[in-house]
Structures are given as C-alpha cells and as structure tokens.
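Visitor: Each chain, letter by letter, is given below.
Protein chains: 2
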Amino acid sequence: MAEIKTDIEIASESKLEPIVDIAKKCGLKEDEIEQYGKYKAKISFDAIHRLEDKKDGKLILVTAITPTPAGEGKSTVSIGLTQGLNKIGKNSLVALREPSLGPVFGIKGGAAGGGYSQVVPMEDINLHFTGDLHAMTSANNLLSALIDNHIHQGNELRIDERQILWKRVLDMNDRALRNVVVGLGGKVCGFPREDQFMITVASEIMATLCLAEDLEDLKLRLSRMLVAYDLDGNQVTAGDLNAQGAMAMLLKDAIKPNLVQTLENTPALIHGGPFANIAHGCNSIIATKLGLKMSDYLVTEAGFGADLGAEKFFNIKCRLANLNPNAVVVVATIKALKMHGGVNKNNLKEENVEALKAGFSNLERHINNMRKFGVPVIVAVNKFVQDSDEEIKTLINMCEEIGAEVSLCQCWAHGGDGTIDLANKVVEVLDKEKSNFKPIYDEKLSIEEKVNTIVREIYGGRKAVFTSSAMKKIKKLEELGLDKMPVCMAKTQFSFSDDPTKLSAPKDFDITVQEVRVSAGAGFIVCETSNIMVMPGLPKVPAALNMDVDKFGKMSGLF
Amino acid sequence: MAEIKTDIEIASESKLEPIVDIAKKCGLKEDEIEQYGKYKAKISFDAIHRLEDKKDGKLILVTAITPTPAGEGKSTVSIGLTQGLNKIGKNSLVALREPSLGPVFGIKGGAAGGGYSQVVPMEDINLHFTGDLHAMTSANNLLSALIDNHIHQGNELRIDERQILWKRVLDMNDRALRNVVVGLGGKVCGFPREDQFMITVASEIMATLCLAEDLEDLKLRLSRMLVAYDLDGNQVTAGDLNAQGAMAMLLKDAIKPNLVQTLENTPALIHGGPFANIAHGCNSIIATKLGLKMSDYLVTEAGFGADLGAEKFFNIKCRLANLNPNAVVVVATIKALKMHGGVNKNNLKEENVEALKAGFSNLERHINNMRKFGVPVIVAVNKFVQDSDEEIKTLINMCEEIGAEVSLCQCWAHGGDGTIDLANKVVEVLDKEKSNFKPIYDEKLSIEEKVNTIVREIYGGRKAVFTSSAMKKIKKLEELGLDKMPVCMAKTQFSFSDDPTKLSAPKDFDITVQEVRVSAGAGFIVCETSNIMVMPGLPKVPAALNMDVDKFGKMSGLF
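Sequences listed follow chains A and B, in order. Numbered per our numbering, the first sequence spans residues 280 to 838. Numbered per our numbering, the second sequence spans residues 280 to 838.
The hints are simulated quantities; they were obtained by calculation from the structure and are not laboratory data. One or more hints might be untrue.
Since the list gives no way to pick out one identical chain from another, each pair is judged satisfied if it fits inside one copy or across any two copies.
[To be verified] Okay, derived cross-link-like pairs now, EDC-like style, lysine to aspartate or glutamate, Cα gap no bigger than 20 Å in a straight line:
1. 754 <-> 736
2. 830 <-> 331
3. 751 <-> 509
4. 466 <-> 722
5. 819 <-> 435
6. 284 <-> 728
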C-alpha cells in the first residue's frame with residue numbers, strides 16, 4: 280500500500296494557476312484585484328460595487344454534528360463540495376475563514392482543508408497570508424494605547440481604570456500574557472493596572488469586521504464598541520476616544536476579501552476568522568455577499584457543531600446581513616457517531632454498528648434543528664479509511680429512514696471526484712426544495728428569553744439558569760439599551776449541553792450562563808456558559824521546534 | 280503666493296507607474312517580483328542569485344550634520360539625489376529604511392521623504408507596507424512565548440527568570456507596555472516575572488535581518504541571539520531553544536527587499552529599519568547589495584547625524600558586508616547651523632550670518648570625520664524657504680574654503696530638478712576621487728579601546744568613562760568570547776558629546792558608557808551612554824485622533 284501523503288506534500292505537488300487567471304474565471308477584471316504574490320489577491324471595492332446589482336447565487340452552509348476533538352472535516356467537505364460542484368459543471372465558489380497564526384506553532388495542524396480538498400497556497404494561508412490579522416492586531420492595540428494614553432494625559436473622560444473592558448491582543452499562543460500588569464515604571468510610564476492579552480481572532484475587531492457591510496459601516500461599528508465604564512458607570516466607547524478613523528484606516532485593506540484557489544484550481548474566498556465561542560465563527564459578510572454575486576453556488580462554513588456554528592450563522596450572520604441560506608450540509612463521521620454511542624476515544628477505529636446506531640441520535644437532533652430554521656438539509660458522511668461497509672450502510676439507511684438526503688463523500692482522498700454525488704444531491708435539493716429561512720427568535724425579546732429559546736429549541740435542554748453576576752450584567756445592558764441584539768452563545772462544542780461529557784443527545788439539563796457581555800461593535804450579546812479561553816498556550820513540545828526553512832525559502836515541519 | 284501643499288497632497292497628485300514597469304526599468308524579469316498590490320513588490324531570491332556576478336555600481340551614503348529635532352532632510356535629499364541622477368541620464372536607485380507604524384499615530388510625520396522628493400505609495404509605506412515589521416513582531420514574540428513555555432514546561436535549560444534578556448515587542452507607541460509583569464493568574468498561566476515591551480524596530484531581529492546575507496545566514500544569526508542566562512550564569516541562546524527555524528520561516532518574505540518608486544517614477548528599494556541608537560540605523564545589507572547590482576549609482580542613507588549614522592554605516596555595516604562606499608553626502612541646513620551657532624530654536628527663521636559662521640564648526644568636524652574613513656565628501660545644503668541669499672553664499676564659501684565640494688539643493692520644492700547640480704557634483708567626485716575606505720578601528724581590540732577610538736576620532740572628545748555596571752558586562756562578554764565585534768554606540772543625536780545641550784563642536788568632554796550589552800545575532804556590542812527609550816509614548820493629542828478613511832478607502836489626517 281502506498282504511503283499516505285501529508286497535506287503539505289499534496290499541496291506542494293499541485294499545480295497552481297496564477298491568481299489573475301483564477302480571478303478571470305470568476306468574472307473579475309484584471310484591475311479589480313490586488314495581487315499579493317502570484318497566488319493570492321485582495322478583491323477591490325470597485326469589483327464589489329460593480330457586482331452589486333447582480334443576482335445572488337445559492338447559499339449552502341456546511342456545518343457538522345457534535346465533533347470529536349480532531350474535528351469532523353467541515354473545511355475539507357466544504358472545499359470538496361465546491362470542487363465537486365465545479366466538476367459537474369456548476370459555477371461554484373467556497374468562502375472560508377482565515378486561520379490564526381498562533382495555533383500553527385502549538386499543535387501540528389493547519390486550517391486550510393486536507394488531503395485532496397485544500398485551499399492553496401496553504402503555507403501562506405496558514406502564516407501571514409495577506410496581513411489581515413496583523414492589521415487587526417494593530418488596530419486593537421492602537422485602541423489600547425489610546426485608552427492608556429487618555430488616562431495618562433489627564434483622563435478627561437474619567438475612565439475607571441478598574442473597569443476597562445478592552446484587552447490587548449497578539450496573534451500568538453502565549454499563556455504568559457493571559458494576565459498581566461501594565462503601566463509599571465513610574466510617572467512617565469502611565470498608571471499601573473491589570474490587563475489581559477487575547478489571541479487576535481478573539482478581538483471584537485475581528486467579529487466586527489466580519490459583520491460589517493463596508494468600510495463606512497465598519498467605522499460606525501468600531502465607534503460603538505464599549506471599551507470601559509467611567510467613574511459614574513457610564514459607558515465609554517471607542518467613538519468617545521475618537522479612535523474609529525485611525526482604526527478603520529489600519530483596516531482598509533483587511534476589509535477586502537482574499538482570493539485564492541482550491542487544489543483543483545477553482546476559486547476560493549478566505550476572509551475573516553472570528554472565534555466560534557465568544558464570537559460567531561464564520562467568514563465575513565462582505566466575502567459571503569460577494570461570493571453570492573460571483574457564483575451560482577456559494578459554499579460556506581461555520582465553526583464547531585451545528586448547535587453553535589449553524590445556530591449563530593442563522594441567528595446572527597444571516598439575520599444581520601439579510602442572507603437567505605438555501606441549504607445546509609451537516610457533516611457526520613462514523614467515528615464521531617460511535618463516540619456518541621459510548622465508544623472510548625481510543626477504540627473509534629474498530630467496527631461497532633451498535634454504537635453507531637446509539638450515537639445516531641446526535642445527528643438526528645442536529646438535522647431536526649436545521650429544519651426548524653426552514654432550511655433543507657443534506658447529510659454528508661465524511662468517509663475515513665477505517666469505516667466498514669456495514670457501518671456505512673447502516674448510517675445511510677438510518678438517515679434515509681428519517682427522510683434526510685445523505686451522501687457518502689471521499690473529499691480527502693479524491694477531492695472533487697469524491698464529492699460528485701454530494702454535489703448532485705445538493706443541486707437536486709436546491710432545485711426541489713424551497714428554503715423558508717427564518718431565525719428562531721426575535722432579537723427584541725429579553726436576553727433571558729433569547730437564551731432560553733436556544734436552549735429549548737436547539738440544545739434540547741430544559742432552561743437557562745443565570746448566575747447573579749450574569750443577571751447584574753443583563754440589567755446593566757438593559758439600562759444602556761444594549762440588550763436588543765442577537766445572543767452569541769459561548770458553550771463547549773463537545774455536547775449539546777454545557778457539560779462536555781454529556782454526549783449524543785442529552786435531555787433534561789439546564790444551561791448555566793456564568794457571564795454576559797456585549798460586543799456592541801459586532802452587534803451581539805455574548806453569553807458565556809463557562810470560562811472561555813481567549814489566549815491559548817503552547818504544548819510541552821511546540822510544533823515550532825520542528826519547523827525550518829532552507830535558503831531557497833522551502834519550508835518543512837509545517838503540518 | 281500659492282498655498283504650500285502637504286506631502287500627501289503632492290503624493291496623491293502624482294502619477295504612479297505599475298510596479299511591473301518599474302521592475303522592468305531596473306532589469307528585473309516579470310517573474311522575479313511578487314506584487315503586493317499594483318505599486319509595491321518584493322524581489323525574489325531568484326533575481327538576487329541571477330545578478331550575483333554582475334559588477335557593482337557606486338555606493339553613495341547620505342548622512343547629515345548634528346540635527347535639530349525636526350531633522351535635516353536626509354531621506355528627502357537621498358530621494359532627490361536619485362531623481363537628479365536619473366534626470367542627468369544616470370542609472371540610479373535609492374535604498375532606504377522602512378518606517379515603523381507606531382510613530383505614525385503619535386506626532387504627525389511620515390518617513391518617506393517630503394515635498395517633490397518622496398517614495399510612493401507613501402501611505403502604504405507608512406502603514407503596513409508589505410508586512411515586514413508585522414513578521415518581525417511575530418518572530419520576536421514567538422521566541423518570547425517559547426522562552427516562557429520552556430520555563431513553564433519544566434525549564435530543562437534552567438533559565439534564570441531574573442535574567443531573561445529577550446523582550447516582547449509591538450509596533451505601537453505604547454508607554455503602558457514599557458514595564459509589565461507577565462505570567463500572572465496562577466499555575467496554568469506560567470511563572471510571574473518582570474518583562475518589557477519594545478517597539479518592533481528596536482528588536483534585535485530587525486538589526487539581525489538587516490545584517491544578514493541571506494536566509495541561511497539569518498537563521499544562523501537568529502540561533503546565536505543571547506536570550507537569557509541560566510542559573511549558573513551560562514548563556515542561553517535562541518538556538519538552545521531551537522527557535523531559529525520557525526522564526527526564519529516567519530521571516531522568509533520579510534527578508535526579501537521591497538521595490539517601490541519615487542515621485543519621478545525611478546525605482547526605490549525600501550527594506551529594514553533598525554533603530555539608529557541601540558542598532559545601526561540603515562537599511563538591509565541584502566537591499567544595498569542588490570541595489571549595487573541593479574544600478575550604477577546606489578544612493579543610501581543612515582539615521583541621525585554622521586557621528587552616529589555614518590560611523591555605524593562604515594564601522595558596522597560596510598565592515599560586515601564588505602561594502603566599499605565611494606562617496607558620502609553630508610546634508611546641512613542653514614537653520615541647524617544657526618542653532619549650533621547659538622540661536623534659540625524659535626528664532627531659526629531669522630537671518631543670522633554670524634551665528635551661521637559660528638555653527639559651521641559642526642559641519643566642519645563631520646566633514647573631517649568622513650575623510651578619516653577615506654571616503655570623498657560632498658556637502659548638500661538642503662534649502663529652506665527662509666534661507667537668505669547672504670546666508671547661502673556664506674555657507675557655500677566656507678565649505679569651499681576648507682576644500683569641500685558643495686551643492687545647494689532644492690529637492691523638497693523641485694524634486695530631481697532641484698538636485699541636478701548635486702547629482703553632477705557627485706558624479707564628478709566619483710570620477711575624480713578614489714575612495715580608500717577603511718573602518719577606523721580593528722574589531723579585535725578590546726571594547727574599551729574601540730569605544731575610545733570613536734570618542735577621540737569621531738566625537739572629538741577626550742576619552743570614554745565606563746560605569747562599574749558597564750565594566751561588569753564587558754568582563755562577562757570577554758568571558759563568553761563575545762567582545763570581538765564592532766561596537767554600536769547609543770548616544771544622543773543632538774551633540775557630538777553625550778550631553779544634548781553641547782551644540783556645535785564641543786571639546787574636552789568625556790563620554791560615559793552606562794550600559795553594555797551584546798546583540799550577538801546582529802553581530803555588535805551596544806554601548807549605551809544614556810537610558811535609551813525603546814518604547815515611545817503617544818502625545819497629549821495623538822495624530823491618530825485626526826485620521827480618517829472614507830468608504831472608498833481614501834485616507835485623511837495621515838501627514
């Protein structure tokens with residue numbers, strides 16, 4: 280048997296087309312792109328304006344069942360699906376998130392798909408790419424510098440140093456920066472205070488940029504961001520500091536979508552990558568809207584399982600951007616369903632049809648949830664080498680029994696050829712079933728009612744419980760008139776409940792909301808059910824230690 | 280009288296040529312550049328290798344007299360001179376430093392020349408440019424994260440947390456980060472310790488990249504960087520942590536020179552921008568060497584006055600890179616010479632021939648210093664509107680009396696047309712006078728001897744005095760065998776002495792070396808004569824507050 284190739288080996292054997300040719304393929308004029316090297320480009324505002332009146336293509340969301348820690352391959356299926364759609368003669372594009380630099384140096388693993396379904400140049404995409412995250416780091420930290428400088432220079436706004444909500448960021452896994460004291464060193468160094476560094480993708484700037492319609496809207500949103508309270512408890516925004524202009528200037532290129540290609544030379548948009556817990560976890564509205572103009576079938580993806588990713592995609596992104604999703608693909612793997620059926624994580628490679636049957640309830644609840652949004656569902660079974668024929672047959676039968684379209688895909692091993700069946704089924708469903716998309720709650724409801732709706736309708740739980748700290752924050756937001764926005768649930772991705780050990784389809788549980796805060800620029804209220812890690816650390820042997828680059832620029836040790 | 284246009288107004292009225300056309304002009308093939316938008320590019324290693332055997336052009340350094348706080352216009356003269364050389368039919372290129380993002384938001388003012396002698400697109404050059412500084416920030420902070428992670432994960436190297444020399448960086452003016460405590464928050468957040476943030480351009484990575492010959496050499500140098508001492512006082516290097524591969528990977532594009540153009544569409548290389556105090560203050564060796572292959576006349580620049588910038592350019596950069604400078608242009612302004620002649624900074628616009636005569640001694644010492652390196656000198660008088668005819672005549676006469684070539688330039692007001700005379704004089708001198716360049720000290724001398732030579736020969740002082748702390752460090756470096764490298768003096772740029780109030784050409788003074796440390800990756804020993812500010816702060820009303828960008832991406836408030 281042939282040795283299995285690594286992602287970077289497969290990627291480096293692929294023949295990339297110049298990005299100008301890819302741009303032409305999707306109808307862009309040569310002067311509508313700005314090249315970043317030969318294989319990456321930013322798409323200009325001119326293109327966006329020119330295409331404004333064009334008819335939208337169909338919007339297909341790829342989401343997943345409750346995942347194992349390794350993930351179930353949403354990006355890989357998304358890329359495979361767009362490759363498959365192009366194979367069957369459809370004009371399709373994929374829109375994905377851009378990866379963070381920090382995790383690259385921690386535990387081996389990129390974020391650009393896998394096998395024969397990757398976006399390339401994967402090494403650039405996983406490193407600095409077109410500098411979007413660096414621009415966000417700069418904009419975020421400029422605001423921090425302006426806050427501390429304002430206090431140092433007399434504190435006209437009477438900012439309460441004990442209540443500064445805005446944190447500094449770096450695009451690095453660095454646990455030593457989780458909790459810091461800044462401003463030490465005496466009078467010329469400002470006032471000492473506690474601060475925290477988050478990883479850049481956790482910055483509200485990332486969420487805000489991803490939900491902005493254009494540069495003007497971004498500036499407005501940035502100015503609304505709540506950065507602190509003053510000594511009387513009034514809110515202090517970035518706009519009060521007049522920081523939005525300079526921040527938007529730093530972001531003027533980052534707001535433009537990035538164009539790359541898949542391994543099969545079909546076009547791909549990669550733009551924005553907000554956290555899927557404290558933020559909404561999908562690529563920018565600008566990229567999605569542009570992708571709908573540039574193609575007949577736009578495939579996109581949302582982070583974590585469907586209880587988090589799809590829920591937020593529908594209730595936050597589609598609501599705010601007036602998007603009309605036409606179909607949703609739920610990625611399932613046999614190994615994850617066996618885990619939900621009670622199999623130990625170390626034994627998932629062994630055939631176990633009974634466990635698969637037992638774990639099916641997880642997939643079933645996700646399918647039913649998607650239907651509550653009025654969107655047609657297709658199940659994509661992402662095939663792994665160890666899956667047995669019996670297991671595959673069982674899973675497909677069970678899907679069909681509950682009336683769900685289902686397709687076995689081999690996107691990792693065969694790229695677009697491995698997803699032709701899925702592509703055909705998706706087109707069939709789109710032709711046959713009309714989407715009646717609707718968010719599942721009214722954003723004008725109280726925060727408690729909104730959360731309770733999600734808990735009951737999506738998680739399958741009893742109710743939400745709010746700590747006294749959470750209730751205090753809710754009251755404060757109501758006072759400030761900041762409560763009439765969608766909620767963004769920060770919950771473990773490993774269970775429908777807030778307890779990661781409750782697998783499959785748990786019932787009769789409560790969800791505890793520990794903390795509530797607003798992302799006023801992004802336009803949602805974050806409800807945290809546990810302490811969310813916003814600055815990862817490095818492992819005992821970081822992947823960085825095995826990385827190298829030779830004198831010709833050829834890299835090794837990267838995935 | 281017509282209103283005087285701002286730099287950004289002049290720049291935005293200019294007609295830029297596509298960077299592919301600029302590349303062609305300097306003999307680069309289309310596939311030897313990587314475009315970053317339409318007007319910026321990186322030059323590939325292929326081009327560098329292809330040109331390796333080509334004959335070098337002439338190397339012309341632009342330096343200056345002891346400056347006023349506003350600077351005397353070295354960048355403007357450098358750009359004007361290359362434009363002038365092209366006007367008279369010479370094939371000339373300019374190589375400059377790339378600016379830091381931090382100061383842009385502090386006090387109004389860019390770093391891309393001025394008036395009709397600018398490099399463009401100036402707004403991009405002054406903002407993220409091609410991401411070089413962001414890559415350095417990442418590489419620097421990856422090393423910091425690896426150090427703290429090493430300690431957290433068991434500290435096999437027995438790093439002494441009290442003796443970590445490696446600091447974190449951000450490309451931001453942020454005084455609150457000058458002194459911080461990191462690692463707070465308990466066991467999962469590492470060990471608490473003191474740390475400091477510097478501005479990115481002060482990172483040893485910047486100095487190291489600028490002195491590296493290629494990616495291989497960079498990796499070697501990175502691995503040599505001294506990052507801490509262990510509990511027994513032994514050195515711990517980046518190589519001991521095995522960080523050099525991942526760091527070099529992050530820098531694989533940053534090490535490639537950037538190509539832009541002047542307002543007159545002549546090619547310009549902009550690459551690297553190390554501090555001129557704790558580092559050597561000039562653009563990368565790679566850009567300089569490539570520029571010599573790509574042109575017959577390469578104009579380049581070094582930071583601060585000639586006592587610092589030119590001294591380091593000759594003794595550090597030219598020595599390490601085996602460069603042979605052919606001529607040096609010393610920029611002088613009448614206003615600065617009047618200041619050296621005793622005129623108060625507020626009255627420099629008033630005619631004062633006597634003060635000009637009195638202050639001439641500053642220029643004279645710089646001219647004599649340059650001759651000690653064996654390099655022919657030309658004085659460029661950078662004309663300002665308020666300079667009187669009598670003052671100009673006096674200055675030119677005084678230069679001629681001491682046998683110095685001199686030219687009046689109007690590069691700000693007239694671009695290349697304003698520097699045709701200077702260009703002709705430079706070509707004349709190059710044809711007529713042979714350079715006998717030689718560094719003024721042997722790097723194998725002791726640190727004290729090297730510093731004393733600079734103090735006597737360049738500063739015109741008596742001797743160097745070393746504090747006991749400095750002596751202790753010198754001893755340590757001698758023990759480690761790290762003392763046989765050039766020294767990098769960190770001294771005020773406002774005086775030949777270490778007292779910024781001693782103007783003109785002070786005598787009979789001692790220089791006190793307060794602190795000594797090694798930049799082992801860069802390959803020099805830093806001798807600090809005062810506490811050097813490595814993290815600037817923002818002023819009371821930061822320039823950021825007036826910046827804006829409209830929905831079409833058009834910026835305002837930037838210079």
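Visitor: Please go over all the hints and tell whether each is borne out by the structure.
Guide: Here is how each hint holds up against the structure:
no.	hint	verdict
1	754 <-> 736	neither (25 Å within a copy, 72 Å between copies)
2	830 <-> 331	between (46 Å within a copy, 15 Å between copies)
3	751 <-> 509	within (17 Å within a copy, 49 Å between copies)
4	466 <-> 722	neither (47 Å within a copy, 40 Å between copies)
5	819 <-> 435	between (46 Å within a copy, 11 Å between copies)
6	284 <-> 728	neither (50 Å within a copy, 59 Å between copies)
Hints 1, 4, 6, counting from the list given before, are not met by this structure.
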